[in-house]
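Chains as they are written, first to last, in my numbering: chain V, 1 to 273; chain R, 274 to 627.
Hints may contain errors.
Simulated pairs of lysine-lysine, BS3-like, Cα-Cα distance not exceeding 27 Å [claimed, not checked]:
| # | chain 1 | residue 1 | chain 2 | residue 2 |
| --- | --- | --- | --- | --- |
| 1 | V | K84 | R | K342 |
| 2 | V | K84 | R | K288 |
| 3 | V | K174 | R | K338 |
| 4 | V | K267 | R | K288 |
| 5 | R | K377 | V | K189 |
| 6 | R | K347 | V | K189 |
| 7 | V | K189 | R | K386 |
Over the 12 Å line for every Cβ pair with chain R, so calculated as not near, a few chain V residues [to be verified]:
| # | residue |
| --- | --- |
| 8 | G30 |
| 9 | N37 |
| 10 | P77 |
Covered by chain V, per the in silico footprint, the following chain R stretches (three or more residues, Cβ under 8 Å) [unchecked claim]:
| # | region |
| --- | --- |
| 11 | 351-358 |
| 12 | 465-479 |
Since the hints were made in silico from the structure, they are not lab data.
All C-beta atoms, glycine included, are put in the ideal place defined by N, C-alpha and C.
What follows is each chain in one-letter form.
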Amino acid sequence: MKKRYLYLLLLPGLLFLTIFMIIPILLTIGTTFFTENGFSIQGYLDFFKDRYFIEILLTTLRVSLFTTIICILLGFPAAYYISKLKQRKKAIMLLLTIFPLLTSPVVRSFSWMVIIGKNGVVNKMLMGMGLIEQPLDILYTPTAIIIGLVHLFLPLIIVTLVGVMENIETDLLKAAESLGASRLAVFSKVIIPLSVPGLVIGSILVFVGSFTAYTTPALLGGKQRVISTFLYQNAITLNEWQVASIVATIMIAVTVLIISIMNGLAKKLNPKG
Amino acid sequence: MALFTLQDISVAYNKQNILKDFNLEIEKGKLVSLLGPSGCGKTTTLRLIAGFLQANEGKFLFKEKDYTKVPVNKRNFGFVFQNYALFPHLSIFDNIAFGLRLRKNSKSEIEKKVMNVLEIVNLKGFEKRYPQELSGGQKQRVAIARALVIEPDILLFDEPLSNLDANLRVNMRVEIRRIQQELGITTVYVSHDQEECFSISDQVAIMNKGIIEQLSDPATIYKYPQTKFVADFIGFKNFIEFDKRTDHEDKIELNKSGYSFVLHKDAQMTNASGKIGAIRPDDLLIREKEDMGAVLENSLSGRVKVSTYLGRSYQYVVETPIGDFTVNKEMTESYRTGQEIILEIPRNQMVLVD
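Let the sequences and hints guide you as you build the complete structure.
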């Protein structure tokens, strides 16, 4: 087959995505700018004046940011450990890492309810040890959402980082040591910079995933709204499709913005990575 | 006086000894190479000196201080790796400045030292490039510069040229020797390439199975190998295990299954107890049977068993009553296979080894 006809292979997938994704998204974005009186950005202006909405947006960003940071802090050392293992052990550890992904987020959220609820395991244990007198309010707070999301996304960042760290030659670490670097300096000056590509991809996956997650915040957040549950409420419960479309457009814009910020940051940290 | 000493070192992996009761002393300013087949322990020795691995037993003394437990990053030894090990995320300047920044040198000092060392390795103008943009030889020069710039007490090379092509290898080894002598820096150099080691070293240690078989200057090793392994390694392909050895003042008489040979004796260099004779294929002489008038000393009658054309010369395997010999001879026309010939061992060409 001639090479220039190879692109035809892309056609079925492209067609599917265009009809079922690109056109609907463009339509959704389009409707937000047109009211009965023609083109207008009034819908957006109303939104950014609404303190309730701004608070939801900020909470969602905060939850996503904390989830990403905690995933990095927990995932980085674990990924480094796994990347140093021999082939067999590494395969087993990676399997264990992605094991949580095999359960549905609904089931996982329910099990977190049992653990962190008012009469849950955590509160019972802390009260039993006499550390607290009243049960802690964890469930139905942003903290609960963060816990659930970390549980959901930690495997993703670990797997991404292991992929990158495996390719760091051990001789590089030895070279750094022979030049006078302590363990800490080797970590901060060689291992971390060389892991930046994995960190960026992993962080984007976690951040965007947390920003758009629905099931976990719906179940663990209680009355605490995040942007996706707010969107759902407007569309399904209140039947406000115009509002829902605007929320969706804002979500897309924020996601694109975050990805480009992170890519820019990565370029600064690792110019030739 | 020795700059550093390895004392009764033993290293074992999985209960297998890599080094056993290993001893080595190296003087300041010398380039000593460790030469041997793979698995002989040369790289292990180098990593031990660098501190990348710990000995199970024994001591490492540096300037008479016990360095056995000193960690790698406190030793101030430069290490040059086979695969260069340049930091891919740093420019050439930053790669070289890596060690200086850890030593908290000032910005202007770093600038001065990096530029100076770039000049030494002939890479001026490359400081803004990244490792991926350089050729193999340039990368290795950056690696050398990075190790040199910290003014190390010892410079360690682990097969630095084996990833380069043949022409570049010769240029680089001349370069390495030049830099080493210019700076007078004590250097340990590991390689499995005999020519490479012989051409750049003050001293060569030939290693086998975790011990040093011989440590001398290249010329001495080339001319007077002390053991059968060393002789074999540097190209003495023919060995005769003599039954009897009788020493006289300036010669040695040797006997093998009724044949006797005479050997020139050098009081200083000749092995005092060895009974194995070693001789290079190039040093044996072949004559046509008809040429011989009187019986010559050190001669055997033999028959050409195999004849191989090597381009500049022919190589023969000659069958004699005391075993087969390999002989190289430059000539235009070969002896026939099966031809009867006379094989002579010149009295000053054979050496005795243990």
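I'd like to know which numbered hints this structure contradicts. Please list them from smallest to largest. Of the numbered hints, 4, 12 do not hold.
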